[in-house]
Amino acid sequence: MRHGAAQGEGRYAGLFRRPSFWIIALVIAAFVIAPLIGNDVEMRESLVLAAIYIILASNVNLMLGYAGYVNFGSIVFFGLGGYVCVYLMSAQGWPLAAAALAAGVAVSLLALVFGLGILRLRGAYFALATIGVNEAVQAVVANFNPWGGSAGLYLSPRLFLPLGGAMQALWVIYFLLVAVMGLSLYLSYVIKSSKFGLGLLAIGQNEDAAAVLGVPTPLFKALAYSASAFLPAIAGGLYFFKSAFIQPTDAFDLTLSTEAIVIVMLGGQGTITGPALGAYLYEELRGWLLTSETFSHFQLVVSGALLLVIVLFAPGGLMGWLYGRWPRLRKVLE
Amino acid sequence: MTALLAVENLRKSFGGVHAVSGVSFVVNEGEILGLIGPNGAGKSTLFNLINGVMAPDEGRVIFRGIDITGEAAYRVARAGLARTHQIVQPLAGMDVLENCTVGACFGSENLSIGRARDVARETAVLVGLEDRLTMSAAQLTIAGKKRLELARALSARPKLLLLDEVLAGLNPTEVEHMIGIIRAIRERGVTILIIEHLMQAIMSLSDRIVVLNIGQKLAEGTPAEVANDPAVIEAYLGDPALAEELHGSP
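Residue numbers (the numbering used here), protein chains in the order written: chain A, 1 to 334; chain B, 1 to 250.
Some clues are possibly wrong.
Restraint ranges, calculated between C-beta atoms of paired labels, are given here [claimed, not checked]:
1) 176/B with 326/A: 53 to 63 Å
2) 135/B with 175/A: 55 to 65 Å
3) 16/A with 207/B: 51 to 61 Å
4) 214/B with 326/A: 53 to 63 Å
5) 135/B with 208/A: 14 to 24 Å
6) 62/B with 305/A: 33 to 43 Å
7) 65/B with 124/A: 34 to 44 Å
8) 325/A with 173/B: 28 to 38 Å
9) 208/A with 173/B: 28 to 38 Å
10) 39/B with 324/A: 37 to 47 Å
A short, non-exhaustive set of chain B residues, derived as facing chain A with CB atoms under 10 Å [to be verified]:
11) 14
12) 52
13) 53
14) 82
15) 89
16) 101
17) 106
18) 108
19) 112
20) 152
21) 181
22) 184
Worth flagging that the hints you see were computed from the coordinates, not collected in a lab.
Every residue, glycine too, gets a C-beta built ideally from N, C-alpha and C.
Produce the complete structure using the sequences and hints provided.
And the structure:
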């Protein structure tokens, strides 16, 4: 929120002077360069998951960190995006780029309609409704024959041919996912420094007071919900194209959207770089837990406990803790 | 003088309680209208009905010639009507400047964020918060939070400002200061409707006063007329000290 005078002189001139911009650029560069060194496919695959974590977390953050609404069912955007994209490619013969973009637009519009409805609810009721939306969509998709019902949809391997075969296609998809990740972080930044973002942050602080101050709360909340659907839907399209297979239980798995919330809380809700930091820490922790003899079956238990500890003792997450120790950091890391 | 706000026969009940039952009055452009009455008279409910926090059961609210009855609070704010809260409602996690910027951004002038920040800084100076611009709203003292309520409402550049007990909880020096600020706001051409329990303050600030009692208008007139109205004195007799104070002031 603290832009100093830069804001008035033009958004882009200001942007390049902001440390956040360079931090985002560094993260993207790391994602691009690291797996290319030595053609490290194994690292690339683990970074795919990291990129998806960052995409989901930073978009959940638009609702959770900015507007103060907990969306437990954000995975519905990812899953629906996957379905729309896979369907358009397999049944309608669309190219990947067009199908993924169409998935983003379609899911965003659907979210806008849903949002105007369920965002009348607040607090725990909203959180419950988001789980309900995910479960309802999953049930509909599982009974929707054009999308393969509960058996799901398979993609023919020949669909990888336009991208230069399966091996090269995996790299192309990876770089596209990294681009979507970069856009997610950039979207967080753009929204946070805009008037729209200021309104959302006000809603997150005190919705009634925000409305009295003139913030059009129903519209802003629905727009934030819709915006937070766009990039996850595209990511879902890319991810399930990569898998060449999609079925309801994978597409609408609540575990992933719960993890996204843990990541946001761990990194620091309402911050731009927090979700990226949280995703990195969470993946490290998760990797360690999965390979540890004692904890390998308790990964989700530990996530849950972690969430509880953060909510109780450090609601600002890691970024909040850093700000607390070094207040001047707030200007550097947003 | 023309009517900026007209309240016509407003009614609001909560269950069996008639919080506001048939209140009408007019706020003229440029004046300070005081709204007084014992606790539970329906003053804050009336504010909530005017600025759209609640919709009335009956009656109309006309602001600048337009019927705004039952409009959402954010639409009323856009139309140029700002308010403060009796129980302060700071955006606690934001600093003073950001709080005021929200007011300016989404107020009557629909300002861009950069321009809004300038207006916010200006109004923060006007209410005497210029040394606390980057302080988190949560850290302000109660007097500071009252000033913030006022600064935030003012940042919206309203035509009409509803002040709900901005003097309550302040010490005499702070009250003095706040009265000065309210006068300065009126000098800028903002019309003010003010609820206040501090009799001396409201008697000296207001051009006219409306007295509410158990949801109804009991009296209306200049401070002197109201203070000498037998009905008003009787309404306050439950609190003899207050009746005395009312009678003793100009």
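Subject >> Index of numbered hints that the structure contradicts, given in increasing order >> reply: 1, 2, 6, 11, 21, 22
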